[in-house]
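Student: With the hints as constraints, model all of the structure from the sequences given.
Chains as they are written, first to last, in this note's numbering: chain A, 1 to 345; chain B, 1001 to 1081.
I should point out that these hints are in silico values taken from the structure, not numbers from a laboratory.
Some hints could be false.
Beta-carbon label-pair distances, calculated as ranges [unchecked claim]:
| no. | chain 1 | residue 1 | chain 2 | residue 2 | range |
| --- | --- | --- | --- | --- | --- |
| 1 | A | Leu209 | B | Ser1064 | 46 to 52 Å |
| 2 | A | Ala259 | B | Arg1015 | 37 to 43 Å |
| 3 | A | Thr327 | B | Gln1079 | 52 to 58 Å |
| 4 | B | Glu1020 | A | Leu209 | 37 to 43 Å |
| 5 | B | Asp1011 | A | Glu49 | 25 to 31 Å |
| 6 | A | Ser336 | B | Phe1052 | 35 to 41 Å |
| 7 | A | Ala236 | B | Phe1052 | 24 to 30 Å |
| 8 | A | Glu253 | B | Phe1052 | 51 to 57 Å |
| 9 | B | Phe1052 | A | Lys331 | 53 to 59 Å |
| 10 | A | Val325 | B | Glu1020 | 51 to 57 Å |
| 11 | A | Arg111 | B | Phe1052 | 44 to 50 Å |
| 12 | A | Arg110 | B | Glu1033 | 40 to 46 Å |
| 13 | A | Val207 | B | Glu1049 | 39 to 45 Å |
Don't be surprised by glycine CBs; every beta carbon is placed ideally from N, CA and C.
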Amino acid sequence: MTTSPERCCKCVLSSSFPTIAFDENGVCSFCRDEMHMPTEAATIERAQERIVELFESERGQAEYDAIMCYSGGKDSTYTLMTAVKKYNLKVLAFTLDNGFTSPAAFENIRRICDELGVDQITFAPSAKFFKPLIKVSALEEVYSPKTLVRISAICNSCISVVNNSALKLALEKEVPFILAGFTLGQIPANGIVYKNNYHFFRESREVYLERLRDSLGHAVDDYFCIKDSLLNKTKAFPYNVNLLCVEDPTEAEMFQVIAQIGWVSPRDVDGCSSNCRLNGFNNFIHQKNFRYSPYELELSHLIRKGKITREEALQKLSDTLQPEVITAIMKELAFSEEEIKAIGR
Amino acid sequence: MAENIKGKFLDFIARNFMVEIDEIPLDESLIDEGIIDSFGLIEIASFIESEFGILVKEEQMTRSNFGSVHLIVDFVKGQES
Ligand SMILES: [Zn+2]
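Tutor: The following block contains the structure:
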């Protein structure tokens, strides 16, 4: 007679996490599986070598060596700093303002780019498109549940627009690298460095693009796709590189290093974000729909790697938005009473 | 041989994408069926490289090669021979 615990006693995965099973000690199947997964270290080492080689061969050829998807959060700040200081890349920092970027994050962006001597541009899509996009992502089944194992639907929409806008910029300026601040746990080890295969990605996203078009019309293509006129001119696609995965600092190390170049922790965000006011709301919706947090997988990975403690992870998960903040965001996004009630049913 | 490739591949999909083996469709697109997202394709390409020693070229990442489990197994067999 065994009852399933609410969470794994080693990591923070919930009993409602897909395919999870617990042993008699309350340890989850993901923690047990981890014991015999020796391939990841070798994959990371290969990625590291490949990154150094690619940077060596491409550096200094274009106006910029890399476009950095720069949110102003701690992970992307650390990544930007590493690209500039350690790898000596000429970087153009690219920020997407979804309308909910924390003002403190913008102050960080300004300070850090000045300190590192980096050019920066912000793209703010019209709220006329973006607010309905957020709403549709929250209320309709746009993405498959598998995608939503590691990311909330709203974050996934937002990051898709970030990726597409950064790719557009890279193609226009013939920049060889796109950098992002993803960590292992957010992406798989073999996603650390890869050539952007736009045509295939585009094909593979068609199912959800069609769902978005049903609600939002063909404006979706302007934000999620690259125009043929640009693709036809393209000679080579950039590499996507996630430097943070090979640097692999602890969270404490990261905070310490970026504080030295002027990064200050924003106070108006939830425990899992260091730049976006919407993140806590996204987690709230995800939790309602799936009964686990979209951050559990990443935090559990970090715990197993010794990058944070289980207590720190639990602290982040419990640092959620106050109900009145959630209500205010819903108002800002023009949710109706019925829509709010329908969430998670 | 083909059964072996298929078995290894299904095992990989099940472990990596948190599905039960008998839930994996064999003739439909894993993406359309919501088993993997576009990142999953990168993982599959890397798996083919590390497990079977086959480097997947950019121009080979098409729906006709990667559109279903059976197509992927055929692709691997074709590259091995
Ligand atoms: Zn666990």
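Student: Each hint: holds or not?
Tutor: Consistency of the hints with the structure:
A hinted range of 46 to 52 Å is violated for the C-beta pair A/Leu209 and B/Ser1064, which are about 21 Å apart. Separated by about 39 Å at the C-beta atoms, A/Ala259 and B/Arg1015 satisfy the suggested range of 37 to 43 Å. Here the CB-CB span from A/Thr327 to B/Gln1079 is close to 56 Å, well matched to the stated 52 to 58 Å. Checked against the hint of 37 to 43 Å, the pair B/Glu1020 and A/Leu209 fails, with Cβ atoms roughly 28 Å apart.
For the hinted restraint 25 to 31 Å between B/Asp1011 and A/Glu49, the CB-CB distance of approximately 28 Å keeps it satisfied. Between A/Ser336 and B/Phe1052 the beta carbons are some 53 Å apart, a value that contradicts the proposed interval 35 to 41 Å. Judged by the Cβ atoms, the range 24 to 30 Å given for A/Ala236 and B/Phe1052 holds: they are separated by roughly 27 Å. Take A/Glu253 and B/Phe1052: their Cβ atoms lie about 38 Å apart, and the range 51 to 57 Å is violated.
The hinted window of 53 to 59 Å between B/Phe1052 and A/Lys331 holds, with their beta carbons roughly 54 Å apart. The hinted range of 51 to 57 Å is not satisfied by A/Val325 and B/Glu1020, whose Cβ atoms lie roughly 39 Å apart. With their beta carbons about 49 Å apart, A/Arg111 and B/Phe1052 fall inside the hinted range of 44 to 50 Å. Restraint check, A/Arg110 to B/Glu1033: a C-beta distance of roughly 45 Å satisfies the suggested window 40 to 46 Å.
Range check, A/Val207 to B/Glu1049: about 26 Å between beta-carbon atoms, so the 39 to 45 Å window is missed.
Checked against the numbered hints given earlier, the structure breaks hints 1, 4, 6, 8, 10 and 13 and satisfies all the rest.
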